[in-house]
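Peer 1: Below are the chains, spelled out letter by letter.
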Amino acid sequence: MGDQFLKQYRESPRSEFARELQDKLNGETVMQTQKTWRQNLMRWSPAFIAAAIVLALVLVISLPPTRALAQDFLDLFRVKKFAAISIDPARMKQLDKLNVDTEKLFADNVQILQESGKPVTVASVQEASARADFDVAVPAQAPQGAKLQISVQGAGAAVITVNVAKTQELLELAGVNDVKIPAQLDGAQITIRKPAAVLLTYKLQDGNLVLMQSPSPEIELPPGVELKQLGEIGLRVLGLSADEARDFANKVDWSSTFLIPIPANAAEVRQVTVNGADGLMLTSNGAARNGRSLYAKGDSVLLWANNGMVYAMQGNTNAVDLLEMANSVQ
Amino acid sequence: MSAYAFTPKMSAQNPTLRRFSAMTTAKSKTNWNAVYQRELPRVYNYFRYRLGDNALAEDLTAATFEKAWRAREKYQRDRAAFPTWLFTIARNVAIDHLRTHRAHVSFDALEQIPAPDSPHEAYTRQAELAQLGALLAQLNEHERELIALKYGAELNNREIARQLGMSESNVGTTLHRIVEKLKAKWEG
Chain G
1 MGDQFLKQYR ESPRSEFARE LQDKLNGETV MQTQKTWRQN LMRWSPAFIA
51 AAIVLALVLV ISLPPTRALA QDFLDLFRVK KFAAISIDPA RMKQLDKLNV
101 DTEKLFADNV QILQESGKPV TVASVQEASA RADFDVAVPA QAPQGAKLQI
151 SVQGAGAAVI TVNVAKTQEL LELAGVNDVK IPAQLDGAQI TIRKPAAVLL
201 TYKLQDGNLV LMQSPSPEIE LPPGVELKQL GEIGLRVLGL SADEARDFAN
251 KVDWSSTFLI PIPANAAEVR QVTVNGADGL MLTSNGAARN GRSLYAKGDS
301 VLLWANNGMV YAMQGNTNAV DLLEMANSVQ
Chain P
1001 MSAYAFTPKM SAQNPTLRRF SAMTTAKSKT NWNAVYQREL PRVYNYFRYR
1051 LGDNALAEDL TAATFEKAWR AREKYQRDRA AFPTWLFTIA RNVAIDHLRT
1101 HRAHVSFDAL EQIPAPDSPH EAYTRQAELA QLGALLAQLN EHERELIALK
1151 YGAELNNREI ARQLGMSESN VGTTLHRIVE KLKAKWEG
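Residue numbers (our numbering), protein chains in the order written: chain G, 1 to 330; chain P, 1001 to 1188.
Honestly, the hints are just simulated from the structure, not real lab data. Just to be clear, a hint being listed does not mean it is correct.
[Stated by the list, open to error] Listed next, the in silico DSS-like pairs over lysine-lysine satisfying Cα-Cα at most 25 angstroms (straight line):
#1 G/K180 to G/K80
#2 G/K166 to G/K147
#3 P/K1183 to G/K7
#4 G/K180 to G/K97
#5 G/K24 to G/K97
#6 G/K24 to G/K147
#7 G/K24 to G/K93
#8 G/K228 to G/K180
#9 G/K118 to P/K1067
#10 G/K93 to G/K147
#11 P/K1067 to G/K147
#12 G/K203 to P/K1067
#13 G/K118 to G/K166
#14 G/K203 to G/K228
#15 P/K1181 to G/K7
#16 G/K97 to G/K118
#17 G/K24 to P/K1067
#18 G/K228 to G/K80
#19 G/K93 to P/K1183
#20 G/K118 to G/K203
#21 G/K147 to G/K203
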């Protein structure tokens, strides 16, 4: 007996086990994006910071100072509209190469009020509704033969304190040298509250179909914040010229718009209607930065909202089938 | 550069959207599917050699990958090779298990190994594996860990040394001694 015999004790894992575990990990990958607020807020790559500036500064709506003061912190941002903006892929690569340690840079600027915790797998839609505190909708036309996994992600909340100097530093690193963050924003606190979310994962042989639903997140704004101006800055980071950024900022309803930057070569974007509500269908064309893509060619994500709830459905199926299934959600 | 606006509605924290955003913005240079395919057999066999129970090995393998996947953004390629990081997690999972199930030394795995075609070969192999399992069960925890990392996880001596805080030469010497001990008992 020797070395070789010891090696012969090895065996391959059962294929069912390997497949089920991989499915579970893939499911958790989706949920992981919500896992903790600290990770979400502090793990951004430089490219995502560009989006973050749009999402946290642009997205967080511009309110006329007088109106905001009158309502005294009671103004809330709720997602009611959705916008996609086409970005030059070369600009995304530029931002990606900045290699900024954002965790260190913003370590003191994020306070977690409520950890959303780990996703919890539950046994039924009723249990998910009870945990998430809203009535979970299900597609009447669910995929046939699919195994359904239901997960609930708890609510979370965080406060971001604006640090003008650090944000300015990021802008300069991103090559935007002709704009200045308003000094009066320094120390302003933005509170983000994310309600619980429910994820229905339909496991199929050729991939998963996922429906996420949640009440709209809320962002509480301090009075006097003129975020339209900051929105323009975010758009500059994403590569728009000064004129383009100003023009776009003037067209967007900043009181309720969630903006998604999409590299021009990454996806087809179409406006659709889901149960009478406006929706956005994003279909990946398989183009990859860094040689790979999280989404295969043909993967679609459908986003829509209804009665204060926001929904996202994702799967490797054609857009027509995805839309039909979304229309059956009730 | 073009800009276009639409008017649907969506959550700022939507996980699917964030995943989609990740496609366009996040720095993702690791092919996690490939990592999974490559590392799954190694982690699984590490637990088999360590604990001698296929069902338990599956449970702990799943626990290891779930922990690793949840924390994978923390993995920094400049600090440690991925297997080193992954097996640090696996070893902690094993340690936690052994702490709470100290007496568990099952060798159910030996009965589950697919038999060769020939009945005689099947009998011989089953008998050999049963004997090997019994011998492995007689090793102390440190020796068993070394065998599991070497033959289950297929780590080289340098990687094992890093895991266990030993010198590479000491790993080689100790492994040689363990194998010789197993061999002596086997032939005895």
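Peer 1: Look at each hint and say if it fits the structure.
Peer 2: Okay, the hints, checked on the actual structure:
1. G/K180 to G/K80: The given pair, whose Cα atoms are some 29 angstroms apart, is violated under the 25 angstroms limit.
2. G/K166 to G/K147: Status violated; Cα separation ~47 angstroms.
3. P/K1183 to G/K7: holds (14 angstroms)
4. G/K180 to G/K97: holds (23 angstroms)
5. G/K24 to G/K97: Violated, at roughly 32 angstroms.
6. G/K24 to G/K147: holds (12 angstroms)
7. G/K24 to G/K93: violated (31 angstroms)
8. G/K228 to G/K180: Distance of about 14 angstroms is within 25 angstroms: holds.
9. G/K118 to P/K1067: holds (11 angstroms)
10. G/K93 to G/K147: violated (38 angstroms)
11. P/K1067 to G/K147: holds (24 angstroms)
12. G/K203 to P/K1067: Roughly 22 angstroms separates the two Cα atoms, so the pair holds.
13. G/K118 to G/K166: Given pair G/K118, G/K166 is violated - Cα atoms ~31 angstroms apart, limit 25 angstroms.
14. G/K203 to G/K228: Between G/K203 and G/K228 the Cα gap is close to 42 angstroms, so the pair fails against 25 angstroms, i.e. violated.
15. P/K1181 to G/K7: holds (16 angstroms)
16. G/K97 to G/K118: The hint is violated at about 31 angstroms.
17. G/K24 to P/K1067: Holds. G/K24 to P/K1067 sits at ~12 angstroms (cutoff 25 angstroms).
18. G/K228 to G/K80: holds (17 angstroms)
19. G/K93 to P/K1183: violated (57 angstroms)
20. G/K118 to G/K203: holds (21 angstroms)
21. G/K147 to G/K203: Within the cut-off at roughly 5 angstroms; holds.
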